[in-house]
Amino acid sequence: MEEIKPDKTINIKGLVCPYTFVKSKLAIEDMEVGEVLEIILDYPEASRSIPKSMEDHGHKVLKVEKINDTDWIIVIRKERE
Amino acid sequence: MELNDEQILRYSRHIILPEVGGKGQKKLLAARVILVGAGGLGCPVGYYLAAAGVGTIGLIDNDTIELSNLQRQIAHNTERVGMYKADSAKKTFEALNPDVHVIAIKERISKDNIFDIIKDYDIVVDGSDNFPTRYLVNDACVLSGKPLVSGAILRFEGQVTTILPKEGHCYRCLFEEPPPPGLVPSCQEAGVLGALPGIIGGLQAMEVLKLILGRGEPLKNRLLIYDALKASFRKVRIPKNPACPVCGENPTITELHDYEAEYCQIRL
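Chains A and B supply the protein sequences, listed in that same order.
Residues in the first sequence are numbered from 1 upward in steps of one, following my numbering.
Residues in the second sequence are numbered from 1 upward in steps of one, following my numbering.
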């Protein structure tokens with residue numbers, strides 16, 4: 001599969017819910033429809049809740065990947081304003 | 001304007017809502033709302049607007065706090081008896097949220113100052129306790145095209161309506177003239193149960209937030225009536241009246257007059 005190049009990356013390591021989602025949502029609000037946001041986080045619960053919340057808000061989850069012992073990468077494509 | 005870290009925390013429950021988000025929060029912070037009256041209704045309306053981060057709140061009230069106000073006017077407190085309500089509410093709201101700038105106007109609103117006062121605001125909230133003021137505020141908002149969220153309470157009943165000049169009804173479409181003095185008793189005469197202004201003021205605050213955010217359906221052409229004893233809400237349709245003296249097709253009220261005098265004449 002072709003590697004997706006994010007238009008914006010945010011590192012929210014150290015943040016817990018709900019601020020993980022709040023920060024992610026603020027980031028995606030400032031992007032254009034079709035652009036891709038990459039989120040780096042270390043709060044386990046958020047690795048499940050962010051993709052779900054982003055889908056609820058109508059965006060597309062392209063990737064959820066645990067990259068090491070503590071961190072995840074989530075990649076979201078903005079689908080609507 | 002970007003939200004700072006403290007604002008992101010403070011407003012996180014707003015930001016999470018798809019209908020609000022960071023963009024909606026910025027609209028709230030940029031909004032300017034004036035409250036007519038810092039009493040039973042003005043207290044909860046202002047309290048919730050301040051909490052929500054409505055950036056500029058004007059308060060016009062020339063009254064001072066009395067002990068008998070404190071059973072319902074929740075922005076004031078016992079230590080502040082004798083203080084101007086506008087000053088007390090400013091203190092309370094700014095302590096709740098330092099993002100909010102409260103402008104306290106210790107004057108009685110009248111035909112001579114109302115246009116000058118409301119021109120700086122996006123939305124007017126009427127929480128006044130008397131008919132001359134209610135009609136003055138209605139006419140001034142219709143004539144200057146300002147959205148008005150009007151609330152009223154008595155005993156166990158309250159009502160709320162949102163007046164969007166040109167788009168919908170106004171207060172005079174519903175009640176063309178004030179009732180004769182004495183027909184409708186005041187809170188002072190008839191009483192009001194403590195939590196009632198909280199409910200009606202909360203509804204008014206919600207109408208204001210919806211208008212600022214451009215979300216939902218305002219109470220346009222509708223009057224929402226709450227009966228506390230029955231715990232029931234009812235929504236009554238109020239069509240725009242083509243013969244309304246202020247917002248109708250051939251208005252007879254084209255400028256403000258002396259509302260106190262008009263009201264007192266009815267008594268004679």
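None of these hints come from the bench; they were simulated from the model.
What you are looking at is a predicted structure, and each value in this text was computed from that prediction instead of being measured.
The C-beta atom is built at its ideal place from N, Cα and C for all residues, glycine as well.
There may be inaccurate statements among the hints.
What the hints assert, rightly or not - Residues from chain A that face chain B, not an exhaustive set, calculated with beta carbons under 10 Å:
no.	residue
1	Phe21
2	Lys23
3	Leu26
4	Glu29
5	Asp30
6	Gly34
7	Tyr43
8	Pro44
9	Lys60
10	Val61
Now the hints, each set against the structure:
{"no.": "1", "hint": "Phe21", "verdict": "holds (6 Å)"}
{"no.": "2", "hint": "Lys23", "verdict": "holds (7 Å)"}
{"no.": "3", "hint": "Leu26", "verdict": "holds (4 Å)"}
{"no.": "4", "hint": "Glu29", "verdict": "holds (5 Å)"}
{"no.": "5", "hint": "Asp30", "verdict": "holds (8 Å)"}
{"no.": "6", "hint": "Gly34", "verdict": "violated (18 Å)"}
{"no.": "7", "hint": "Tyr43", "verdict": "violated (15 Å)"}
{"no.": "8", "hint": "Pro44", "verdict": "violated (20 Å)"}
{"no.": "9", "hint": "Lys60", "verdict": "violated (16 Å)"}
{"no.": "10", "hint": "Val61", "verdict": "violated (16 Å)"}
This entry does not satisfy hints 6, 7, 8, 9 and 10, going by the numbered hints stated previously.
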